[in-house]
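Engineer: Next come the chains, spelled out residue by residue.
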Amino acid sequence: MSSIPKIKSKSLSGQVLWAVFAQGAVLVVVLSAAYFLFQNTQANLDAKGIKSGFAFLGHEAGLPIGDSLIEYDPTKSYGYAFLVGILNTLMVSALAIILSTILGILVGVARVSSNWLLARLAAIYVETLRNIPLLLTLIFTYIIIIGSLPHPRDAISLFDGYFLSNRGIYIPKPIAEDGFGIFIIAAIVASVLAISFGVWARQYKRRTGRLVPGIWGGLAIFTVLTGLAFLATGNPVGSETPEFRGFNFSGGLGLKPEFVALLTGLVLYTAAYIGENVRSGIESVHAGQIEAANALGVPSGVVTRLVMLPQALRVTIPATTNDYASLVKNSSLAVAIGFPDMVSVGGTIIGQNGQAIEIIAMWMAVYLTINMLISFGMNLLNSRVQIVER
Amino acid sequence: MKNVSLISAIALVAATAGSAQAQTLEKVISEGVLACGVSEGVPGFSNPNSEGVWEGLDVDICRAVATAVLGDPDAVRFSPLTSSQKILAVSSGQVDMTSRTTTWTMKRDSAEGVDFTQVVFYDGQGFMVRAESGITDANQLDSATVCVTTGTTTELNLADFARAQNITIEPVVFEGKREAVAAYESGRCDALTTDASQLGAFRTSFIDPEAHTILDTLISKEPLAPLVAHGDNQWKDIVTWTIFGLISAEELGITSENVADLAANSDNPDVQRLLGASGDTGGFVGLEGSWMKDVIASVGNYGEIFDRNLTQTLGLERGLNAQWNDGGILYAMPIR
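Sequences listed follow chains A and B, in order.
Just so it is clear: in the first sequence, position 268 is 268 by the working numbering, and no numbers are missing.
Just so it is clear: in the second sequence, position 316 is 1316 by the working numbering, and no numbers are missing.
Hints should not be assumed to be uniformly reliable.
To be verified - Partial pick of chain B residues on the chain A-facing surface, computed with a CB cut under 10 Å:
#1 L1088
#2 R1108
#3 A1111
#4 F1174
#5 E1175
To be verified - Derived SDA-like pairs (lysine to any residue); straight-line CA-CA distance at most 25 Å:
#6 B:K1027 to B:L1070
#7 A:K173 to A:D73
#8 B:K1107 to A:Q42
#9 B:K1107 to A:G79
#10 A:K76 to B:S1220
#11 A:K76 to A:G251
#12 A:K51 to B:K1107
#13 B:K1107 to A:G62
#14 B:K1107 to B:F1244
#15 B:K1107 to A:I360
#16 A:K51 to B:G1093
#17 A:K173 to B:E1170
#18 A:K76 to B:K1107
#19 B:K1107 to A:A55
Simulated from the structure, these hints should not be mistaken for laboratory data.
For glycine and all other residues, C-beta sits at the position ideal for the given N, C-alpha and C.
All chains, please: the whole structure from these sequences, using the hints.
Structural biologist: So this is what it looks like as structure tokens:
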């Protein structure tokens, strides 16, 4: 009896050994191939007299960038210029993710709507946008924007201080004035109070079963308190109005046509995909459950929030994670319409100093990092909505 | 497109065995075709015509080298390159040479794995503006928006100019020249900046060329020269001396019309040496003795190339690009 498990464990450990050996061999082959490629590249670059390494990042860039979130001028370093590009990529991606999610949800809900016209329109939207290459959508949007809007001299003024022209959208810029610090402190206090009220409301509901509108109450507290603080500090937010001077508007906040076109194109395109994810999520929920909830007389809002949504999200979130990642990568098409994203700025740096390998490695590293973070966040969200198996 | 090609160039650098490129001449002869990098379309320099045949000054330089090496001006495979590819495509060996309005700078020549051969066009960076804007001088461009192409010295010059003049210029940077030109034409920018010769070329393509002015101000020196990979001296000599040959031919009055006659009957020793009637100039660089005779017979001398591509179609004057004894700075080294 006792000899049988011994033999079994011996043969098992033989298998394990073999598996470890095979995996180790593959790993060695992969690593040595990588090492060979690295060495060979280095040798070839040296033989051709091409500089390598990242020292150039500290050198003066000398290149102009049209649209920057942080203070930039050509005396800054290549590394700093690249950072400007990264921030532009991040900003356009983040805004596009938020807006395409909102639009995508609307489209997805419209797709399954019982309103025939609405459902058809949403279907046409999805099919059109999904079947046209994003690059064309971007170029189309860009041409429409710069082709249809007037010269800044004849800019369309929607409200006082708001201007629309082929140089972009210019709006008044909020400026902190006296008492802004006090106002901010008041706003923080207000939000702490509002959140505490929400938490208390939830606990109260659990304890007593009586419903206190925590979210609405919290919002009311926040609005009233900050409103009072705003009045008390005597309007601490001023504004700087854009003015047409020389060739263009100066002052105010400006959104360049390239940025607007890129954002619009990305949002329209990605929302079509997200809309489909939302639709498939909604359709994956068994109709019987909704009917059962309705039959029990549960209010339709609660049915949506507590029966449909939690189950629909299980299907929607993993697919949407992919679309977010695609969106970030697609933002590199910015180069076609002149928006200085990371790829555009990096391309300029390659043109200036020829160190393509380093720049491409940096592009890869940044995209990889952004998308890993998105995946990580979405996986966290996903693990919260998945069925907890016991 | 751009990235695919960039990555493939890098893959070449990573995967090829070292110093495989010391024998460009043998490679070109064995393949029977010259791989020549050109622009994606700059009228007058390199641009496919309505039948898809590449034309232009830069293109004719490729054809001249192909004739010198292979005896056939059509034995060229043209590769359109963007600005950010042009250096890497040569240094990685994807193309045998690039003839693509590329500015000769110290950094490119010394630290980027390429060698420049000989200037074929002396240019300078200028601005084009709308005539109605009333701008007559480049330093009136304060606060203006300027369309520019990425990966070029143009971008740097623009930034340098704004710094030197202490004015702010807002750049809109495009990947391709066509996009930059289209954006300028549609009114996105107040000015378009690139080499002055190209501004002239682009203006002819506008619906109403008269509505646009090219400013007299030139903000940089742009010596445009073909380039080859660093380290193959024989190949560099071939390209360099083919260009000198074209310039010398104009100086000596040899044209595609009279080249056959002069090769047989000229008494001028300079002409005899250039056309292989005496001496062995071709042998110095590993080519046939009659190399320049074939070149001139098929593409003409420098003056003919300039006239055909730039004067007749774009109305460009010789200016700096005239011969040294005719008010220009074109000065070919002696072929002997």
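Engineer: Is the straight-line distance between the alpha-carbon of B:K1107 and that of A:Q42 25 Å or less?
Structural biologist: holds (19 Å)
Engineer: B:K1107 and A:I360: Cα distance at most 25 Å?
Structural biologist: Roughly 20 Å separates the two Cα atoms, so the pair holds.
Engineer: How about B:R1108: closest beta carbon in chain A under 10 Å, or not?
Structural biologist: holds (7 Å)
Engineer: When you check the alpha-carbon spacing of B:K1107 and A:G62, does it fall within 25 Å?
Structural biologist: holds (14 Å)
Engineer: Check the hint pairing B:K1107 with A:A55 against an upper bound of 25 Å on the C-alpha distance.
Structural biologist: With Cα atoms ~15 Å apart, B:K1107 and A:A55 stay inside 25 Å; holds.
Engineer: Tell me if the straight-line CA distance from B:K1107 to A:G79 falls inside 25 Å.
Structural biologist: This hinted pair holds, its Cα atoms lying about 19 Å apart.
Engineer: Hinted pair, alpha-carbon criterion (25 Å max): A:K51, B:G1093. Please report holds or violated.
Structural biologist: With Cα atoms ~17 Å apart, A:K51 and B:G1093 stay inside 25 Å; holds.
Engineer: Given the proposed pairing of B:K1107 with B:F1244, does the C-alpha separation stay at or below 25 Å?
Structural biologist: holds (24 Å)
Engineer: Between A:K173 and B:E1170, is the straight-line Cα distance small enough, at 25 Å or below?
Structural biologist: Roughly 19 Å between the alpha carbons, so the hint for A:K173 and B:E1170 holds.
Engineer: Run the distance test for A:K51 versus B:K1107: straight-line Cα separation, threshold 25 Å.
Structural biologist: holds (10 Å)
Engineer: Has the given pair, A:K76 with B:S1220, been kept, meaning a C-alpha gap of at most 25 Å?
Structural biologist: holds (22 Å)
Engineer: Closer than 10 Å between Cβ atoms is the bar; does B:L1088 clear it against chain A? Give me holds or violated.
Structural biologist: With Cβ-Cβ at 5 Å, under 10 Å, it holds.
The structure shown violates none of the earlier numbered hints.
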